[in-house]
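Please construct the entire structure, taking both the sequences and the accompanying hints into account.
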Amino acid sequence: VKVLFDKKARFRDFQVGDTVLLWDKRHKPRGSHGKFDSLWLGPFKIRHFAGENSFYLDYMD
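Numbering of the sequence shown is given in full-length UniProt numbering, commencing with residue 1 and proceeding in unit increments.
If you are wondering where the hints come from, they were derived from the structure by calculation, not from laboratory data. It should be emphasised that the depicted structure is a prediction, and the values quoted were computed from it without experimental measurement.
Cross-link-like lysine-lysine pairs, in silico, DSSO-like; alpha carbons within 27 Å at most:
| hint | residue 1 | residue 2 |
| --- | --- | --- |
| 1 | Lys35 | Lys25 |
| 2 | Lys25 | Lys2 |
| 3 | Lys25 | Lys45 |
| 4 | Lys8 | Lys25 |
Ranges of calculated distance between the beta carbons of each label pair, as one might list FRET restraints:
| hint | residue 1 | residue 2 | range |
| --- | --- | --- | --- |
| 5 | Phe5 | Gly51 | 21 to 27 Å |
| 6 | Val1 | Asn53 | 18 to 24 Å |
| 7 | Ser54 | Asp6 | 20 to 26 Å |
| 8 | Val16 | Phe36 | 32 to 38 Å |
| 9 | Phe5 | Asp61 | 35 to 41 Å |
Where a beta carbon is used, it is the ideal one built from N, C-alpha and C, also for glycine.
Spelled out as structure tokens, the structure:
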């Protein structure tokens, strides 16, 4: 299974200043039913790294 995943997976190297979207499965917009609502928040800019796979983000205005 891992070999099949690795064939199609696109690994990305993020840099400080990159524009990203944040996936939040728990996010529920007000007055929504949920099925067709976007669970992506953003856009954000990466401010700095907090670890190997975690970042501090800034809202883009």
